[in-house]
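Let the hints inform the model, and build the full structure from the sequences given.
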Amino acid sequence: MEREWKNHIDKPHVTQIITSTVSALPKKMATGDGLKIRNLHVRDLRFPTSLKADGSDAMHTDPDYSCAYVVIYTEREVEGHGLTFTLGRGTEIVVQAIKSMSRMVVGQNVKDIFSDFGVFWRKLTSESQLRWVGPEKGVVHLATAAIINALWDLWARLEHKPVWKLLVDLEPEILVNCIDFRYISDVVTKEEAIEMLKAKREGKAEREEQMRTVGYPAYTTQVGWLGYSPEKVKDLCHQYMALGFTVFKVKVGQNLEDDRTRCRMVRDVIGYKNIMMVDANQTWDVSQAIEWMKQLAEFKPLWIEEPTSPDDVLGHLAISKALKPLGIGVATGEMCCNRVLFKQFLQSGAMQYCQIDSCRIGGVNEILSVYFMAKKLGVPVCPHAGGIGLCEMVQHLQIFDYISLSGTTESRMVEFVDQQHEHFENPTVVKHAHYIAPTAPGYSTKMKPTSAEAYEYPHGSKWQEMFAEGLFKDPTKEAQVS
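Numbering-wise, full-length UniProt numbering puts 286 at position 286 of the sequence shown, and it's gapless, one number per residue.
Derived DSBU-like pairs: lysine-lysine, alpha-carbon spacing no greater than 35 Å straight-line:
1. K52 / K477
2. K190 / K137
3. K477 / K448
4. K431 / K52
5. K376 / K137
6. K462 / K473
7. K52 / K232
8. K448 / K473
9. K462 / K448
10. K204 / K448
11. K200 / K324
12. K204 / K111
13. K200 / K190
14. K234 / K300
15. K376 / K294
16. K123 / K36
Restraint ranges, calculated between C-beta atoms of paired labels, are given here:
17. G349 / Q480: 47 to 53 Å
18. K198 / M265: 46 to 52 Å
19. G34 / K232: 54 to 60 Å
For the record, the hints were derived by calculation from the structure and aren't laboratory data.
Think of the CB as a built atom: it goes at the ideal place given N, C-alpha and C, for glycine as much as any other residue.
Spelled out as structure tokens, the structure:
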């Protein structure tokens with residue numbers, strides 16, 4: 001399977017040589033001395049993806065891709081932009097959580113935050129009263145991710161670098177100091193993480209150049225949303241093959257015969273020389289997942305993604321053991337709530353592919369801890385992406401991993417879905433199924449002001465138009481519970 005993966009991901013025809021301006025960025029690190037955060041603003045932004053069944057799967061049948069969008073303002077013009085991804089209803093709850101946490105951010109000295117980022121992260125996630133509605137999980141942790149993502153965007157802008165370049169250039173001791181190792185030191189220690197980074201110093205320049213020119217391998221889920229018609233699925237398969245994609249993911253889980261029909265249809269288009277995965281989005285019980293996947297095994301899926309509850313480590317382990325003889329791996333992690341759950345998945349062997357999400361756990365700091373655990377335990381990281389801003393963010397993380405930590409793209413790739421990129425000032429660039437390393441300073445999270453204003457829920461102009469057309473109900477005109 002490793003050889004098969006390598007042959008597909010590293011095909012010469014899916015690369016393109018382009019130049020990058022990252023090497024010309026200033027090398028002197030900005031410190032942010034004396035710079036304070038004067039305000040934090042958060043918006044509820046929603047996009048009507050349910051109208052075309054974009055993003056639909058067995059569990060989430062009518063998603064409206066949304067985000068709680070944070071802007072951190074400093075005493076100077078430099079800002080930090082971050083977000084956490086949601087599916088529509090409930091975004092307002094995350095917004096309120098961010099507002100409740102903002103008092104721990106506003107008024108802080110930027111240098112104090114970044115000089116001991118791991119300590120700041122722990123303070124943010126361990127506030128003695130707010131943690132009761134977590135801790136480190138659920139709405140408060142989604143809120144944490146939005147704030148932390150905005151802070152990394154701010155730091156990178158102060159350094160005039162993309163986040164991936166900031167991570168790559170940080171001294172190992174400084175980078176590792178951003179991580180809270182509490183609860184995971186039995187798996188990986190700060191000292192071990194530092195040594196991992198030092199061990200990969202050789203060849204960093206060459207790997208960095210490869211990311212600027214060739215890019216990082218991508219696969220697409222755009223072809224396989226559950227609500228799409230068969231004709232649309234086939235058309236999209238042809239379109240993405242023409243764009244150089246050789247790896248495709250298909251949603252499954254509602255009806256077995258429909259799944260068999262869809263998988264056969266996709267295989268008829270892409271053939272068996274290309275790679276296919278399937279994703280059940282947590283819809284099955286453990287025994288059901290095993291039996292269902294036995295019925296799909298003839299279509300040679302590389303992995304089954306989220307076959308059961310995202311919290312069920314032992315259930316995933318049972319599925320992994322049952323499907324291993326069939327050559328099917330288990331991928332999960334996009335809804336793992338924190339590093340502790342990832343620790344259990346990684347230690348137990350319950351996941352063969354580790355899927356971090358840039359917004360589900362506590363932002364870059366906590367995600368880095370998962371990368372280090374995965375590295376030590378030999379599990380490849382293949383990030384979840386596709387929602388608003390997810391592709392924009394995870395490219396930075398995976399490029400860092402390749403340059404500074406894993407040093408390989410074997411058995412690794414990043415999800416790509418062509419949704420909402422046009423609303424970002426520096427959208428993801430994918431050329432011939434490869435993410436091209438971003439060059440603009442920041443975390444690629446700054447949205448166009450016109451988009452943020454138009455899609456702010458419920459008062460934005462786009463939502464007012466859709467309410468008037470009867471496409472959605474205006475919540476301001478519905479009965480309110482007091």
